[in-house]
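Letter by letter, the sequence shown follows residues 1 to 597 in UniProt numbering.
Certain hints may be false.
Claimed, not checked - Pair ranges (Cβ atoms, derived):
{"no.": "1", "residue 1": "374", "residue 2": "420", "range": "23 to 29 Å"}
{"no.": "2", "residue 1": "112", "residue 2": "270", "range": "22 to 28 Å"}
{"no.": "3", "residue 1": "334", "residue 2": "201", "range": "38 to 44 Å"}
{"no.": "4", "residue 1": "122", "residue 2": "256", "range": "41 to 47 Å"}
{"no.": "5", "residue 1": "564", "residue 2": "92", "range": "44 to 50 Å"}
{"no.": "6", "residue 1": "433", "residue 2": "332", "range": "51 to 57 Å"}
{"no.": "7", "residue 1": "456", "residue 2": "382", "range": "44 to 50 Å"}
{"no.": "8", "residue 1": "114", "residue 2": "545", "range": "48 to 54 Å"}
{"no.": "9", "residue 1": "374", "residue 2": "394", "range": "42 to 48 Å"}
Bear in mind the hints are in silico, worked out from the structure with no lab data behind them.
Glycine included, every Cβ here is placed at the ideal spot set by N, Cα and C.
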Amino acid sequence: MDLESFDVFDQTPGSESGAASLDTAAQAKFGLAKDDSAEEERKRKHVELDEVVEIDDDEDDEKEQKVIKLDENGVDGLKPKDRPKSYGLKIPEYENNSNCTHDLSLPSGHDQDSYDFDDLENMKVTDPAKKYKFTLDAFQAEAVKCIEREESVLVSAHTSAGKTVVAEYAIAKSLRNKQRVIYTSPIKALSNQKYRELQEEFDDVGLMTGDITINPNSSCLVMTTEILRSMLYRGSEVVREIAWVIFDEVHYMRDKERGVVWEEAIIMVPKNVRFVFLSATIPNAQEFSEWIAEIKQEPCHTIYTSMRPVPLQHYMFPAGGDGLYFVVDEKGRFREENFSRALSQIEGGGNEKGDVDAAKKSRMKNRKGSSDVYKVVKLIRDRNYDPVIVFAFSRRDCESLALQMSKLEFTDDEEKRLIAEVFTHAIDSLSEEDQRLPQLTAALPLLQRGIGIHHSGLLPILKEVVEILFGEGLIKALFATETFSMGLNMPAKTVVFVAARKFDGESFRWLSGGEYIQMSGRAGRRGLDERGITVLMFDEKMEPEQAKKILKGNTDPLKSSFHLGYNMLLNLLRADEADPQYIISKSFAQFQADRAL
Numbered sequence: 001m002d003l004e005s006f007d008v009f010d011q012t013p014g015s016e017s018g019a020a021s022l023d024t025a026a027q028a029k030f031g032l033a034k035d036d037s038a039e040e041e042r043k044r045k046h047v048e049l050d051e052v053v054e055i056d057d058d059e060d061d062e063k064e065q066k067v068i069k070l071d072e073n074g075v076d077g078l079k080p081k082d083r084p085k086s087y088g089l090k091i092p093e094y095e096n097n098s099n100c101t102h103d104l105s106l107p108s109g110h111d112q113d114s115y116d117f118d119d120l121e122n123m124k125v126t127d128p129a130k131k132y133k134f135t136l137d138a139f140q141a142e143a144v145k146c147i148e149r150e151e152s153v154l155v156s157a158h159t160s161a162g163k164t165v166v167a168e169y170a171i172a173k174s175l176r177n178k179q180r181v182i183y184t185s186p187i188k189a190l191s192n193q194k195y196r197e198l199q200e201e202f203d204d205v206g207l208m209t210g211d212i213t214i215n216p217n218s219s220c221l222v223m224t225t226e227i228l229r230s231m232l233y234r235g236s237e238v239v240r241e242i243a244w245v246i247f248d249e250v251h252y253m254r255d256k257e258r259g260v261v262w263e264e265a266i267i268m269v270p271k272n273v274r275f276v277f278l279s280a281t282i283p284n285a286q287e288f289s290e291w292i293a294e295i296k297q298e299p300c301h302t303i304y305t306s307m308r309p310v311p312l313q314h315y316m317f318p319a320g321g322d323g324l325y326f327v328v329d330e331k332g333r334f335r336e337e338n339f340s341r342a343l344s345q346i347e348g349g350g351n352e353k354g355d356v357d358a359a360k361k362s363r364m365k366n367r368k369g370s371s372d373v374y375k376v377v378k379l380i381r382d383r384n385y386d387p388v389i390v391f392a393f394s395r396r397d398c399e400s401l402a403l404q405m406s407k408l409e410f411t412d413d414e415e416k417r418l419i420a421e422v423f424t425h426a427i428d429s430l431s432e433e434d435q436r437l438p439q440l441t442a443a444l445p446l447l448q449r450g451i452g453i454h455h456s457g458l459l460p461i462l463k464e465v466v467e468i469l470f471g472e473g474l475i476k477a478l479f480a481t482e483t484f485s486m487g488l489n490m491p492a493k494t495v496v497f498v499a500a501r502k503f504d505g506e507s508f509r510w511l512s513g514g515e516y517i518q519m520s521g522r523a524g525r526r527g528l529d530e531r532g533i534t535v536l537m538f539d540e541k542m543e544p545e546q547a548k549k550i551l552k553g554n555t556d557p558l559k560s561s562f563h564l565g566y567n568m569l570l571n572l573l574r575a576d577e578a579d580p581q582y583i584i585s586k587s588f589a590q591f592q593a594d595r596a597l
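Build the full structure now, drawing on both the sequences and the hints.
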């Protein structure tokens with residue numbers, strides 16, 4: 001097979017004529033379906049380790065969206081005295097305390113004395129809807145108490161900390177009470193994965209995405225947030241039966257283009273519905289909960305933990321360099337000397353903040369020589385630091401970099417046979433014509449080497465095969481865009497960033513601390529790795545402060561991306577009881593504007 005033809009993977013979702021999904025029988029056959037702005041007084045603690053293991057430094061192996069302008073006095077604005085209030089709660093002594101904090105937000109006008117704080121703090125769950133074989137962490141146990149009280153809760157924790165446990169408990173409680181529960185996610189890939197996981201745990205589960213619908217009458221429905229919004233505007237019968245809605249990766253609400261979908265859905269969900277919000281760590285989590293408490297006129301809890309289940313070691317690799325430089329340890333200490341040594345390996349390059357041309361020249365120069373990514377991935381393989389996720393910021397880079405690894409072998413003969421068997425069984429569900437699609441015919445040879453590609457241009461069935469193979473440890477090197485970091489429960493031992501800059505639709509800019517935290521959170525598998533490893537590749541001069549902003553930076557605050565678009569206006573006009581003024585007045589943007597007064 002001519003691997004240069006592999007660029008056929010760059011297909012848009014509009015070309016998904018061969019779209020299909022692995023059925024449960026296919027999975028079962030091979031045993032693959034397995035299971036300092038907000039709160040300044042809180043000091044986040046770092047996880048401590050007794051020793052630090054370094055990688056040798058001398059390794060030498062080969063539309064602009066218009067946001068609605070709100071009136072300075074607000075639309076139906078809140079007066080300061082009417083604002084919702086939050087109260088810190090005392091956390092009991094747990095076996096796994098995990099630096100947990102618990103705050104309760106009450107809506108404006110709600111009498112503090114009418115809420116039984118003592119009952120909540122001393123509450124013990126005697127008849128749990130779901131039992132676990134392990135001891136719950138403090139933040140999980142506190143969230144379960146909130147669900148038992150049938151009160152909304154926001155859980156803010158690092159990637160892979162175990163937020164899914166909270167979602168599963170809410171589902172179990174709904175099913176036990178014979179109620180309907182909706183699980184929403186930002187992307188189809190995450191919806192597919194959650195459907196497979198929940199189907200193993202519960203019987204009555206359905207899936208609704210733009211590509212496929214399975215068991216739409218189930219009591220537990222997994223869907224993208226856009227599907228839920230559409231159901232709300234249509235006045236679907238399902239909406240009247242909902243008791244709980246779980247919003248996974250709710251920090252996606254800050255997305256400039258799609259973030260408004262979360263606000264629309266949250267505002268339009270009936271007031272009798274309770275919420276479980278799962279989010280990465282956000283500094284203004286309490287502000288979000290106060291917004292929920294205000295628009296729904298019900299209590300909302302904020303449960304935060306700074307615990308990272310697997311501590312991380314952060315390395316940097318300069319373009320054309322001779323090794324990895326250990327720059328931030330598990331305790332968050334920045335090693336200036338190692339950073340200076342790494343920086344000295346960069347010849348020329350842009351040292352001005354906006355010097356994009358220099359950055360492009362540096363990248364082009366690097367591409368003409370030997371592949372630095374190849375050297376890093378080979379080093380990772382040789383030192384058994386796989387599986388590795390290599391994050392690139394475009395589909396083209398994902399595919400071209402994967403092709404450069406075609407000489408590396410990550411799998412043995414038995415693994416190659418398993419990969420071929422799973423792949424063949426999956427595409428057997430397609431027509432003969434679809435089985436001959438170039439994207440499918442080009443995929444198997446690379447997959448059998450243990451190398452995978454994951455981006456939005458893949459056919460749904462191929463994307464699902466890649467996710468299953470990676471989850472089962474058969475893909476050892478996965479080249480993915482950053483959407484792979486959005487909630488998919490597929491951690492690796494090592495994460496590599498092929499660049500320190502990305503194009504955000506307007507300009508090339510440095511990665512933000514929040515973006516780095518989100519993607520690097522995939523490094524380190526709980527229960528398998530003592531520590532995770534991240535490698536940031538860079539090809540231009542960088543000031544130490546800029547490196548610290550990326551590697552040690554704070555998470556981005558949750559800011560509203562609410563805007564009035566044509567789609568929203570048409571939906572509001574079509575809906576019987578929808579009022580644009582009401583949607584605007586209840587938006588998170590309006591709430592934040594009122595708070596700023």
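Tested hints:
1. The hint said 23 to 29 Å for the Cβ distance between residue 374 and residue 420, and at roughly 25 Å that hint holds.
2. Under the hint 22 to 28 Å, the C-beta atoms of residue 112 and residue 270, about 26 Å apart, fit the expected range.
3. A hinted range of 38 to 44 Å holds for the C-beta pair residue 334 and residue 201, which are about 42 Å apart.
4. Remark: the range hint 41 to 47 Å for residue 122 to residue 256 is upheld by a beta-carbon distance near 44 Å.
5. Between residue 564 and residue 92 the CB atoms are about 46 Å apart, so this pair conforms to the stated range of 44 to 50 Å.
6. Against the hinted window of 51 to 57 Å, the Cβ-Cβ separation of residue 433 and residue 332 comes to about 55 Å, which satisfies the hint.
7. A hinted range of 44 to 50 Å for the beta carbons of residue 456 and residue 382 is inconsistent with their spacing of about 32 Å.
8. A beta carbon spacing of about 49 Å between residue 114 and residue 545 agrees with the range 48 to 54 Å that was offered as a hint.
9. Separation of residue 374 from residue 394 is about 18 Å and departs from the stated range, judged on CB atoms against 42 to 48 Å.
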